[in-house]
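Here are the chains, one letter per residue:
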Amino acid sequence: MRAASKVVGLCLLLAATAALAAPSAMGAERASLTEIEKQVMCPVCGTLLQLAESPQAQREKAFIQRLIAEGKTEAQIKDALVAEYGEEVLALPQDSGFSLSAYVVPIVAFLVAAVALALGVLRWRRAGNSGRDGPTARGPKGDDAERLDADLARYDL
Amino acid sequence: MSVRSSIAVLAVLALVGLLVFGLVSKGGSRVTVGEQAPSTALPRLEGGGEGSLAAYKGRWVLVNFWASWCEPCKQEAPALEEFQRQHGGGKFTVLGVDTRDLSGDGREFVREYGLSYPQLRDGDGGAAHDYGTTGVPENFLVDPTGKVRWLLPGPVDEQYLTEQVEPFLPKEKS
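Going down the list, the sequences are from chains A and B.
Read in the working numbering, the first sequence has 128 at position 127, and its numbers run on one by one without any break.
Read in the working numbering, the second sequence has 175 at position 174, and its numbers run on one by one without any break.
Next up, chain A with everything else stripped away, as it sits in the complex:
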């Protein structure tokens, strides 16, 4: 029994180590200019670096290549670009700090809109149903009812 629990403990430890090592192994992958070009902007041209050919873009590409040659990771290179040009150099906002709102706000807005739409549809359907029941429930009364019956009888309906 004790041996079995030791084996299970060891397996859990190995699994945890593997899980912790996975992201760092991914981060250690060699960065590529082609990949980074798709994720950063040419600040002067206002386009993706991938599409830019201006002198500033050429310098930026050379800077990235230099950092790749130095063995920097993609994240380190993007950080270096932000230090040089500010956050606007990133084609996509960062997923931390205030920039996180760029991702969160559209999701929250979508959820709020979806809930509002669902509530609106529910209310509209309820209003539609009550409207349909109305005329049946409120028929003519008294003299009107008698006159309607007489008219209907005259036409033999």
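Just so you know, these hints were derived from the structure itself, not from any lab.
For clarity, every value in this text was computed on a predicted model and none was experimentally measured.
Note that the Cβ used here is the ideal one computed from N, Cα and C, for glycine as well.
Over 12 Å on every C-beta distance to chain A, these chain B residues come out as not near it, computed from the model:
#1 S6
#2 V13
#3 T33
#4 Q37
#5 R45
#6 D158
Ranges between beta-carbon positions, derived for each pair:
#7 B:E113 - A:F99: 35 to 43 Å
#8 B:L20 - A:L149: 54 to 62 Å
#9 A:G98 - B:K148: 36 to 44 Å
#10 B:T146 - A:A76: 42 to 50 Å
#11 B:G90 - A:K39: 47 to 55 Å
#12 B:E47 - A:L112: 44 to 52 Å
Below, simulated DMTMM-like cross-link-like pairs (lysine to aspartate or glutamate); rule was C-alpha separation at most 20 Å, straight line:
#13 A:K79 - B:D125
#14 A:K62 - B:E109
#15 A:K62 - B:D125
#16 B:K75 - B:E47
#17 B:K92 - B:E82
#18 A:K62 - B:D106
#19 A:K62 - B:E72
#20 A:K79 - A:E89
#21 B:K148 - B:D131
#22 A:K79 - B:D106
#23 B:K148 - B:E167
Given the structure of chain A, go ahead and fit chain B onto it with the hints provided.
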């Protein structure tokens, strides 16, 4: 007004506000002659620390936006350095602002052209935006009170500086 109407009005106002903010923050309008020059604090290109136009209050300052990748900036740099040598001191200075440029390239540019006047670094182009520049180089002459007295959206040369900028400066060498 019902609560529902108030919410709808607020939502519309918020949307319009966002659109207006987007339009306003997209492009700055160029500062004009007579206007107060923006004085954003910027890091120094070399030596660390920060500097700004405000640090030169009381002097005439020729604010020169440049970048190392810009060919016309290379052409005007010697003329600016010569003008600084002739007129720079307690009453006038050229103030370089290296904008949307790599700091290493900017420092290399300063060394290559032997520029002796102070240099600030505007990596994200925020100061260039505040001045409303549309490219580099651009030059703004700011008087001792901080008002823009002359501007040129383009490169200067020695003749232009002598004819257009020098007349503004105090006669005796500062």
